[in-house]
Amino acid sequence: MKKIMVGLKRVVDYNVRIRVKPDGSGVITDGVKMSINPFDEIALEEALRIKERGEAEEVIAVSIGPADAQQQLRTGLAMGADRAILVQTDKLVEPLDAARTLLKLIEKESPELVIVGKQAIDDDNGQTGAMLAALWDRPQGTCVSEVTFADGKATVTREVDSGLETIEVDLPAVLTADLRLNEPRYVKLPDIMKAKRKPLETVSLDDLGIALDPQLEIVKTDPPAQRQKGVMVEDVDGLISALKDKGLL
Amino acid sequence: MLIRRREIDFLLKEFLKVGELLNCERYANHDGDTIDGLLDTAYAIAEKEFLPYASKADIEEPEFIDGQVKLIPETQAAVNAYSEAGFIGAAFAEDDGGMQFPWIATQAAGAVFASANVGFYGYGMLTAGAANLLNTFGSPELKSRFIPAMLEGRFFGTMCLTEPQAGSSLADISTLAQPLEDGRYSLRGTKMWISGGDHQLGENIVHMVLARISGAPPGVKGISLFVVPRNLVDEQGSSGEKNNIALAGLNHKMGWRGTVNTLLNFGEGGQCEGYLVGEPNKGLAYMFQMMNEARVAVGMSAAALGYSGYMHSLDYAMNRPQGRPLTSRDPEQPPVAIIKHPDVARLLLAQKAYTEGGLALSLYCARLLDEEMITSDPEQKKALNAMLGLLTPIAKSWPSEFCLEANKHAIQVLGGYGYSREYPVERLYRDNRLNPIHEGTHGIQGLDLLGRKVFMDGGMALGQLLRMVREDCARVSVTPALSQYAQLIAKATEDMIRVTGMLVADAGKGEAEKALANATLYLDSLGHLLVAWTWLRLARISLEALEDAPGTDDAFYQGKLKACHYFCTYELPRVNSNARILAMRDGLFTEMQDEWY
Ligand SMILES: Cc1cc2nc3c(=O)[nH]c(=O)nc-3n(C[C@H](O)[C@H](O)[C@H](O)COP(=O)(O)OP(=O)(O)OC[C@H]3O[C@@H](n4cnc5c(N)ncnc54)[C@H](O)[C@@H]3O)c2cc1C
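So the protein sequences, as listed, match chains A and B. So in my numbering, spot 236 of the first sequence is number 236, and the numbers just go up one at a time. With the second sequence counted from 1, adding 1000 to any position gets you my numbering.
Derived by calculation from the structure, the hints in this document are not laboratory data. Note that CB positions come from ideal geometry on N, CA and C, so glycine has one too. Nothing false has been slipped in among the hints.
Quick list of the computed label-pair ranges, beta carbon to beta carbon:
hint, chain 1, residue 1, chain 2, residue 2, range
1, A, VAL27, B, PRO1164, 57 to 63 Å
2, A, LEU216, B, PRO1573, 54 to 60 Å
3, B, ASP1554, A, VAL236, 44 to 50 Å
4, B, GLY1237, A, ASP124, 50 to 56 Å
5, A, LEU92, B, ASP1096, 43 to 49 Å
6, B, GLY1559, A, VAL236, 42 to 48 Å
Starting from the given sequences, assemble the full structure and let the hints guide the process.
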């Protein structure tokens, strides 16, 4: 392969306790620690490993988001991506628009493989990868926990409800990374410095000829309901009848 | 638990304005993103490689088996991750093989590692310290032989000062260095309490050893510094034969067990070769030049350990149902979480005020260390050095005393569970109990402060420091929400100025012993004053943030205001009462006779 493209989304760090804006219009991100979506980090790690095995020549990290998403791309470059592209927008980008935008980048870069996370931990939609494959009209392997390459094909192990499924996909293809695909490396401090000198290109949605076309309306954002107080049951019978009372058995 | 990232970001960015610090030549390659990147990596490694093994490292303490030190295997993975990421050399200049990160940023990262697992952190910290010492005073030849391997984490480092008969009084060390014909020395003597003194984590260990060259003058004027490798190292930097440093035994400690502590016999079984660092008889002076950095770092660890305990006890207090509110004793009512009890709130607020205040004070000193390093103005350099000299005993000792107190409160919040090994708060207390002892005991720091630093240059540094405190008090006296604290701090400042004048006058009259008898109390008092001042500054920033951007992070800033209130109301009065005691110049401690105990 010549090129692998990896999508990195800027999301609220997984350690941050999410707070909802008082008017319910979304969650507070001002002054909040932001990071690469963890599944995207796994996607990038896999791309880097493929390259380090000599099976790819270049890894391109791309992000769609605000100017500050440069930070996440820099982190991606510090992990080892060769260059980065930011499609800059301050608007909320829904999965379908994200897929359309990524497709434009694919048309420009012609990668043989695109890897994204199976979902982003902010909106948990889990749609972008699949939509992108459909728009691109190429095969997809979602929720991937293992992947190998031979003869222009990828052999992909997928995590499915009933266990593991192995499929073969022709390249070019889209893969979405699951948790067990790999353990991302730690960024090394010298690489943080080197990343500053790697190319990071910024383009606008206009440049790509994309007009966002939101399909969803956010009606309201609520914090999760407070956990109800637990009750102690006397014995196993008590537990069973309590579960039955709740209609869980 | 780790120090909250929000805390570190607040202190670095909002309080200490690290961005402004980067506007200098030394840090020209850095920006907000590189600092964030450093912290991101620190958190990732601390969370995955350090934190999960803190308890195991405590329970399975190092063992001495067949002449070798056995550590839990996770130690290796953690120190590898730490050194491979580049943390040992992070603050070193690029020309010296480092990454020239600001000191304040690497220290903040250090605090994160310490809060995760202080025992594992010890190896990297000691190695960086030893390399820094060698880098500052060693010849180019010695540096190139040892430092690259140390920064890579192939060689580890130690500091060998203490001997069984010479702890606080290093004047009494007796390890001997006999000159050999070719400029090398042969060392002989016993070093006690050496952290990281022997282990198999790397290819070699580089000991920085204080010893006397035969014929040197007695006392501190006859102490030289040597670099002594465990295995001899050839010019190409490869480790070879053993250098006759015998591991005589391990010390079994109360805490901080993840770092092995050793008794070493230099020159047992044959010649032990060492190389003089710098000039003869300057060893202690060299050590003292590095003292500010090392001691501020100790205070930082103390704050980190206190902070970790605070986090655990906070979590527990929110989830432990017990008892009913003072206003309703109805047994039919479900119990409340203990965080609702005023006395538990007291214990939590005290921890918050001690640990966040201690961390802020330590990082403030770290920033001064940066400023001292980057300034090209010799006058300013001198003034900063004097200021740091004054602050160092406080920055070392205050967190060591009061963040340990925080660990005590953390145990209290957990009640009986806090006293059991099922919960980490008792370990954190034991880990932190070292900090008032090593790197100069609490008592020695008091003497350093009142016996030397207060007097330096006619008391210039202290004068300047207290002027800054007064100025800040004056500045916020017009802010209604903070003016009450400013008044309290201003009053305490006047008390300290008055009592310092008295003690200085006593010393001038040749009554130094009397003046110094209460030096520790003096240190505690000045420390409390400076932490109150620190809280005032944090509160001012927090108030501004609440006004400028309401609704973004109100709870965080409210918490700061409340901690400032707690500290100024419940803690600061100690300064006034201590000042009264100090002013009495009570002779009790000097008059005591052994038979009266
Ligand atoms: C876990 C651990 C790790 C250590 N790691 C190292 C290391 O890596 N390298 C190293 O060189 N050392 C190390 N030390 C040694 C440490 O620095 C000494 O223990 C410390 O300096 C105190 O010396 P001491 O134990 O001999 O106590 P002493 O000096 O005997 O002091 C005992 C008590 O007397 C007080 N005292 C002593 N002299 C005076 C005085 N003049 N005025 C007032 N009070 C006084 C002290 O404050 C203290 O309370 C370590 C110690 C420990 C416990």
